[in-house]
Amino acid sequence: MAVLTYREALNDALREEMERDDSIFIIGEEVGEYDGAYKVTKGLLDQFGEWRVRDAPIAELGFAGLGVGAAMAGLRPIVEFMTWNFALLAIDEVVNAAAKMFQMSGGQYNVPIVFRGPGGAALQLAAQHSQSPEPWYSYVPGLKVIAPATAKDAKGLLKSAVRDNDPVVFIESEIMYNLVRDEVPEEEYLTPIGKAEVKREGSDVTVVCHSKMVHQALAAARVLEKEDIDVEVLDLRTVRPLDVGAIVASVKKTNRAVVAEEGWPMCNVGAQVVDDIQREAFDSLDAPVARVNGLDVPMPYAKNLEKLATPNADHVAAAVRHVCYAD
Amino acid sequence: MSAANADRSTATVSDAPAGDAPAGASSGDPDAFLGLSKEECVELLREMIIERRFEEKAAEVYQVGKIGGFCHLYIGQEAVSAGSISPLRDDDYVVTAYRDHAQAIARGMTPNAVMAELYGRADGCSKGFGGSMHMFDKTLNFMGGHGIVGSHLPLAVGVGYTIRYRGGDQVCLCFFGDSVVNIGAFHESMNMAARWKLPVIFLLENNRYGMGTDFRRVAAVKELKDRGRAYDGLTSLDVDGMDVLAVRQAVEEAIERGRNEKTPSFIEARCFRYMGHSMADPMHGTYRTREEVEKWRSDDPILSFTRQLMDAGRLTEEEYQAIDREAKEIAEESAAFADRSPFPDSDALYRYVYSDGYPDDMRRRDAWRKELR
Numbered sequence: 001m002a003v004l005t006y007r008e009a010l011n012d013a014l015r016e017e018m019e020r021d022d023s024i025f026i027i028g029e030e031v032g033e034y035d036g037a038y039k040v041t042k043g044l045l046d047q048f049g050e051w052r053v054r055d056a057p058i059a060e061l062g063f064a065g066l067g068v069g070a071a072m073a074g075l076r077p078i079v080e081f082m083t084w085n086f087a088l089l090a091i092d093e094v095v096n097a098a099a100k101m102f103q104m105s106g107g108q109y110n111v112p113i114v115f116r117g118p119g120g121a122a123l124q125l126a127a128q129h130s131q132s133p134e135p136w137y138s139y140v141p142g143l144k145v146i147a148p149a150t151a152k153d154a155k156g157l158l159k160s161a162v163r164d165n166d167p168v169v170f171i172e173s174e175i176m177y178n179l180v181r182d183e184v185p186e187e188e189y190l191t192p193i194g195k196a197e198v199k200r201e202g203s204d205v206t207v208v209c210h211s212k213m214v215h216q217a218l219a220a221a222r223v224l225e226k227e228d229i230d231v232e233v234l235d236l237r238t239v240r241p242l243d244v245g246a247i248v249a250s251v252k253k254t255n256r257a258v259v260a261e262e263g264w265p266m267c268n269v270g271a272q273v274v275d276d277i278q279r280e281a282f283d284s285l286d287a288p289v290a291r292v293n294g295l296d297v298p299m300p301y302a303k304n305l306e307k308l309a310t311p312n313a314d315h316v317a318a319a320v321r322h323v324c325y326a327d
Numbered sequence: 001m002s003a004a005n006a007d008r009s010t011a012t013v014s015d016a017p018a019g020d021a022p023a024g025a026s027s028g029d030p031d032a033f034l035g036l037s038k039e040e041c042v043e044l045l046r047e048m049i050i051e052r053r054f055e056e057k058a059a060e061v062y063q064v065g066k067i068g069g070f071c072h073l074y075i076g077q078e079a080v081s082a083g084s085i086s087p088l089r090d091d092d093y094v095v096t097a098y099r100d101h102a103q104a105i106a107r108g109m110t111p112n113a114v115m116a117e118l119y120g121r122a123d124g125c126s127k128g129f130g131g132s133m134h135m136f137d138k139t140l141n142f143m144g145g146h147g148i149v150g151s152h153l154p155l156a157v158g159v160g161y162t163i164r165y166r167g168g169d170q171v172c173l174c175f176f177g178d179s180v181v182n183i184g185a186f187h188e189s190m191n192m193a194a195r196w197k198l199p200v201i202f203l204l205e206n207n208r209y210g211m212g213t214d215f216r217r218v219a220a221v222k223e224l225k226d227r228g229r230a231y232d233g234l235t236s237l238d239v240d241g242m243d244v245l246a247v248r249q250a251v252e253e254a255i256e257r258g259r260n261e262k263t264p265s266f267i268e269a270r271c272f273r274y275m276g277h278s279m280a281d282p283m284h285g286t287y288r289t290r291e292e293v294e295k296w297r298s299d300d301p302i303l304s305f306t307r308q309l310m311d312a313g314r315l316t317e318e319e320y321q322a323i324d325r326e327a328k329e330i331a332e333e334s335a336a337f338a339d340r341s342p343f344p345d346s347d348a349l350y351r352y353v354y355s356d357g358y359p360d361d362m363r364r365r366d367a368w369r370k371e372l373r
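Residue numbers (the numbering used here), protein chains in the order written: chain L, 1 to 327; chain Z, 1 to 373.
Think of the hints as simulated: they come from the structure by calculation, not from any bench.
It should be emphasised that the depicted structure is a prediction, and the values quoted were computed from it without experimental measurement.
Just so you know, even glycine gets a beta-carbon here, dropped at the ideal spot from N, CA and C.
Check before you lean on any hint, since a few could be wrong.
What the hints assert, rightly or not - Listed below are several chain Z residues computed to face chain L (Cβ distance under 8 Å; list not exhaustive):
id : residue
1  : 129
2  : 134
3  : 189
Modelling step: build the complete structure from the supplied sequences, incorporating the hints.
The following block contains the structure:
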């Protein structure tokens with residue numbers, strides 16, 4: 001197996017899928033001549049030409065809607081948002097058009113489209129460029145929302161997303177593009193949408209997490225191991241459809257849970273996870289479920305304040321100790 | 001004739017004052033009819049009358065609660081739908097906004113399927129999931145019925161992109177209203193369609209009022225067609241939207257540009273809706289005068305085309321009467337059909353959320369509701 005960065009894994013997924021199926025095209029800002037604002041689409045214009053790798057004007061609503069129309073007419077578009085912050089301009093097309101078309105048309109027009117790009121905070125990008133979009137989209141019936149944490153999952157899930165017949169919101173991470181690197185199988189594989197994965201087995205506490213927080217949870221688990229607390233890290237990978245079965249099975253085993261995510265606390269993914277746990281594993285719980293999240297403020301620019309507002313491994317470790325009554 | 005029609009909400013041929021036929025239409029000269037045969041002309045007229053009688057029936061049954069939600073009627077604008085959809089090929093595409101019943105019928109949907117959709121029934125064209133604003137028929141490439149002003153223009157551009165992508169020679173006809181010219185999606189769509197040479201026909205139905213707002217009060221441009229001038233490669237023009245042949249000619253030319261040169265067109269069809277914005281509104285409202293409505297109604301598209309055909313010896317009073325009778329029967333039958341059609345069954349509730357089924361894990365959240373188990 002080769003070790004790939006998260007970015008390389010995504011690039012491989014796009015290339016392999018585009019080679020396999022010529023109804024797939026990519027549209028977005030800087031995806032072609034510039035090789036991608038974050039180089040995820042590197043080399044694709046040269047290989048596939050401008051009709052399949054289309055540099056778009058800065059008009060998120062317009063090119064997202066173009067993708068939806070093309071999907072209705074039978075193509076399989078991949079719409080790249082330079083970041084999910086800019087996708088707010090296009091949320092009408094994602095929510096009102098893509099997500100609802102299949103039902104609104106009585107099952108006639110499904111919309112096989114992938115909306116993808118990086119979400120979450122990076123380093124001192126300030127309020128408008130540092131936010132986690134998962135809750136906005138996972139609220140919406142009709143969408144599937146994926147936020148992988150590893151290069152292997154990024155590739156396998158993106159390939160599945162491209163082949164899926166419904167609209168998929170695929171949330172990557174600017175920080176992880178280069179920092180995350182792991183072993184990726186050489187042979188073709190698909191990672192199933194809607195399936196969580198235990199990234200570390202443990203017996204004392206379940207940390208339910210996704211995307212960047214998986215790495216924080218794994219770091220916390222290494223620290224807590226020395227304190228004789230055995231942490232299970234459950235990576236949701238897909239936040240909609242949510243793998244409730246996997247969450248409940250893990251919590252029933254460990255009897256304690258921490259839910260960790262990068263975004264704001266109100267109505268986020270973790271809020272739903274806590275609800276599913278209390279409904280399906282209430283009698284198994286030995287402590288209330290704790291939540292780790294970004295603080296409930298627009299992201300400040302100043303380095304010290306940004307650090308304060310952003311959840312990290314220490315926060316996860318502290319929450320785990322709390323639900324173990326070990327703090 | 002026409003005592004029978006005196007109580008109808010809209011004008012018919014007999015309501016109009018007698019007058020001279022429009023210039024150029026006073027003979028049987030086929031050129032005055034775009035080379036259309038007598039039968040083709042009569043079919044155009046028939047289409048318009050069917051649309052109108054259908055919408056009148058929809059208004060009637062709405063009043064007694066058969067139709068729910070919003071219901072935007074098309075009465076007065078029939079020349080635009082009939083004139084523009086009739087020259088399309090079966091493999092062309094139509095995308096439209098929420099005033100979509102008549103366009104759906106013009107594209108070939110049965111009035112029964114449209115009315116059943118208005119009733120929210122299983123035999124509706126969208127199986128009762130869409131309603132008035134969301135008519136769909138994939139077999140006719142009729143791609144909805146969209147309810148967010150302006151947001152369907154990018155969809156039409158995506159269809160145009162697909163046509164080019166596949167090297168086809170179809171076109172995508174996209175209807176929208178005058179309020180759309182001020183929204184970003186309009187410009188984003190025009191820009192992409194013009195820049196990449198996509199065969200999209202942007203057909204603006206300027207009925208002068210975006211809901212209750214006169215377009216002149218909110219658009220910083222006198223002629224809406226001028227909005228298209230900013231885009232190289234986009235042909236912009238206006239046309240009398242009360243004249244079915246004028247609309248047809250403009251759209252035929254746009255279709256040729258789309259098929260041959262792959263270039264988009266922007267056509268402003270100047271028309272008028274006789275009814276309120278939706279069934280919730282009065283016919284005149286506070287934003288327009290009775291006189292204005294009456295003035296436009298006296299230029300009724302069905303009326304004037306009927307007279308034009310009669311003057312040219314292409315239609316007799318008896319033929320007109322027969323068409324009108326048939327249209328009323330079709331409308332009546334559509335309502336009867338809709339009444340007979342069953343409601344969608346409860347099991348259908350989660351059927352179309354995802355094409356691969358709704359996950360059981362998530363359905364369990366509502367399992368305390370016994371009727372959903």
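Hints, verified against the model:
no.: 1; hint: 129; result: holds (5 Å)
no.: 2; hint: 134; result: holds (5 Å)
no.: 3; hint: 189; result: holds (6 Å)
Consistency note: the structure conflicts with none of the earlier hints.
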